[in-house]
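Asker: Residue numbers (my numbering), protein chains in the order written: chain A, 1 to 112; chain B, 113 to 228.
Keep in mind that a hint or two might mislead.
Computed beta-carbon distance windows for the label pairs [claimed, not checked]:
#1 A:74 <-> B:183: 36 to 42 Å
#2 A:83 <-> B:117: 20 to 26 Å
#3 A:18 <-> B:139: 36 to 42 Å
Below, a list of computed lysine-lysine pairs in the DSSO-like style, where the Cα atoms sit at most 30 Å apart [said to hold, decoys possible]:
#4 A:99 <-> A:42
#5 B:169 <-> A:68
#6 A:56 <-> A:99
#7 A:99 <-> A:68
#8 B:169 <-> A:109
#9 A:99 <-> A:71
#10 A:42 <-> B:169
#11 A:42 <-> A:71
#12 A:68 <-> B:121
#13 A:56 <-> A:109
#14 A:109 <-> A:68
#15 A:56 <-> A:71
#16 A:68 <-> A:56
#17 A:109 <-> A:42
#18 B:169 <-> A:99
#19 A:56 <-> A:42
#20 B:121 <-> A:56
#21 A:71 <-> B:169
#22 A:109 <-> A:71
#23 B:121 <-> B:169
It should be emphasised that the hints constitute simulated quantities derived from the structure, not laboratory data.
Keep in mind that this is a model prediction, so the values were computed, not measured.
Each residue gets a CB set at the ideal place from its N, CA and C atoms; glycine is no exception.
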Amino acid sequence: GESVGLHLPTLSVQEGDNSIINCAYSNSASDYFIWYKQESGKGPQFIIDIRSNMDKRQGQRVTVLLNKTVKHLSLQIAATQPGDSAVYFCAESPTGTYKYIFGTGTRLKVLA
Amino acid sequence: DSGVTQTPKHLITATGQRVTLRCSPRSGDLSVYWYQQSLDQGLQFLIQYYNGEERAKGNILERFSAQQFPDLHSELNLSSLELGDSALYFCASSVGGTSRGSDTQYFGPGTRLTVL
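Please model the entire structure based on the sequences and the hints provided.
Answerer: Next comes the structure, spelled out in structure tokens:
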């Protein structure tokens, strides 16, 4: 498969444990944030999003937390499974624009 | 399968050449986005079209251009190619509209461009 970002930070997690992936975003004027998952050889896949008027949003096995004070976003994955192994990207969109700025990504490795 | 199709899957060309990448959005989607993904730059937003009109521009070089046709498919044209243009190029589509908060982007499988 494709190799994206050979020097990405890597998070190794035991199967069944919870994973926390962090992202520092750059623009204090961003008001919309998205997490994507990219498996080897595939395009990014939407996981969950959050608007800046929220601090937390939950999906199925995933939770996104937003801390606007320190411009920090995190993705929590509960009961991590082997199928969660992928590169995870956060993206921000500045207010009033349709532009998207992506973070560098974090590689999640799930250990059996 | 996201429903977004991109052709070709792979493209190998020489410096100075021009290529065209094609994207067909999901049925019913009016917005198309183009992204470049390279090893040293990560995923870069290039440009967005909504219903045939340019809506947002990101880090797109002047040597690159795009358009969205009446049937909503889109093409990304890359000219005067340089070695550094070698990358994965993704197209994504979404329903569009004015609300970003509920406008999930669906990505295609990408076109891998290699410039020799």
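Asker: All hints are to be evaluated individually against the structure, with a verdict given for each.
Answerer: For each hint, the structure was consulted:
no.: 1; hint: A:74 <-> B:183: 36 to 42 Å; verdict: 41 Å, holds
no.: 2; hint: A:83 <-> B:117: 20 to 26 Å; verdict: 24 Å, holds
no.: 3; hint: A:18 <-> B:139: 36 to 42 Å; verdict: 37 Å, holds
no.: 4; hint: A:99 <-> A:42; verdict: 22 Å, holds
no.: 5; hint: B:169 <-> A:68; verdict: 25 Å, holds
no.: 6; hint: A:56 <-> A:99; verdict: 23 Å, holds
no.: 7; hint: A:99 <-> A:68; verdict: 19 Å, holds
no.: 8; hint: B:169 <-> A:109; verdict: 34 Å, violated
no.: 9; hint: A:99 <-> A:71; verdict: 18 Å, holds
no.: 10; hint: A:42 <-> B:169; verdict: 24 Å, holds
no.: 11; hint: A:42 <-> A:71; verdict: 29 Å, holds
no.: 12; hint: A:68 <-> B:121; verdict: 39 Å, violated
no.: 13; hint: A:56 <-> A:109; verdict: 25 Å, holds
no.: 14; hint: A:109 <-> A:68; verdict: 28 Å, holds
no.: 15; hint: A:56 <-> A:71; verdict: 14 Å, holds
no.: 16; hint: A:68 <-> A:56; verdict: 11 Å, holds
no.: 17; hint: A:109 <-> A:42; verdict: 17 Å, holds
no.: 18; hint: B:169 <-> A:99; verdict: 7 Å, holds
no.: 19; hint: A:56 <-> A:42; verdict: 28 Å, holds
no.: 20; hint: B:121 <-> A:56; verdict: 38 Å, violated
no.: 21; hint: A:71 <-> B:169; verdict: 24 Å, holds
no.: 22; hint: A:109 <-> A:71; verdict: 25 Å, holds
no.: 23; hint: B:121 <-> B:169; verdict: 24 Å, holds
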